[in-house]
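> Given the coordinates of chain G, work out where chain E should sit on it, guided by the hints.
First to last, the sequence lines map onto chains G and E.
Whatever position you read off the first sequence (first residue = 1), add 170 for this note's numbering.
Whatever position you read off the second sequence (first residue = 1), add 170 for this note's numbering.
One thing to keep in mind: the hints can contain errors.
Since the list gives no way to pick one copy over another, a pair counts as held whenever it fits inside one copy or between any two copies.
[Claimed, not checked] Derived SDA-like pairs (lysine to any residue); straight-line CA-CA distance at most 20 angstroms:
1. Lys-197 to Leu-226
2. Lys-197 to Arg-253
3. Lys-197 to Val-229
4. Lys-197 to Pro-207
Don't read these hints as lab results, they were simulated from the structure.
Owing to the predicted nature of the structure, the values given are computational and were not obtained by experimental measurement.
Number of protein chains: 2
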Amino acid sequence: MNVDLIGSVAGTLSTIAFIPQVWRIWKTRSARDLSLPMYLIFTSGVALWFVYGLLLGAVPIVVCNGLTLLLAGTVMARGRCWR
Amino acid sequence: MNVDLIGSVAGTLSTIAFIPQVWRIWKTRSARDLSLPMYLIFTSGVALWFVYGLLLGAVPIVVCNGLTLLLAGTVMARGRCWR
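So here's chain G without its partners, still in its complex pose (with noise of 0.2 angstroms):
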């Protein structure tokens, strides 16, 4: 089996997860069971992927990390009753 097709749907995979939480998010708008530190520490951490992938012209790095701040960002700015 193809390593390189194994790391592709990984990625594919942990990037797309995002969509059915933002999804529920946008409805409900409440994130009182999601962790605010975690939304903010995750966001740092794919901020810097997409930093490293940039810098290394590593395209799938750049675009899965693009998405998933989007997406997470969305969480953030849409969620209410954080704790």
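Below, chain E alone, put in the same frame as chain G:
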């Protein structure tokens, strides 16, 4: 600035981010605002990253994704009232 350093900080942040979410759900058990499809897809993606790291012999990928797998798995196992 060192590119590897940026990658290491990125990996550390996107892994430890799940600790406050585990902490939160450990106390409340409530997963009402969390998306189960998100956790299912995300965990599948992280499991594939883990396999990808093993096949490449890339220790940082194996360690980061192994830990994320444990943390995201704990969120799924501990959460109640998923919708």
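> Decide, hint by hint, whether the structure agrees.
Now the hints, each set against the structure:
| no. | hint | in the structure |
| --- | --- | --- |
| 1 | Lys-197 to Leu-226 | neither (38 angstroms within a copy, 41 angstroms between copies) |
| 2 | Lys-197 to Arg-253 | both (19 angstroms within a copy, 13 angstroms between copies) |
| 3 | Lys-197 to Val-229 | neither (32 angstroms within a copy, 40 angstroms between copies) |
| 4 | Lys-197 to Pro-207 | between (22 angstroms within a copy, 15 angstroms between copies) |
Against the hints set out earlier in the document, violations occur for numbers 1 and 3.
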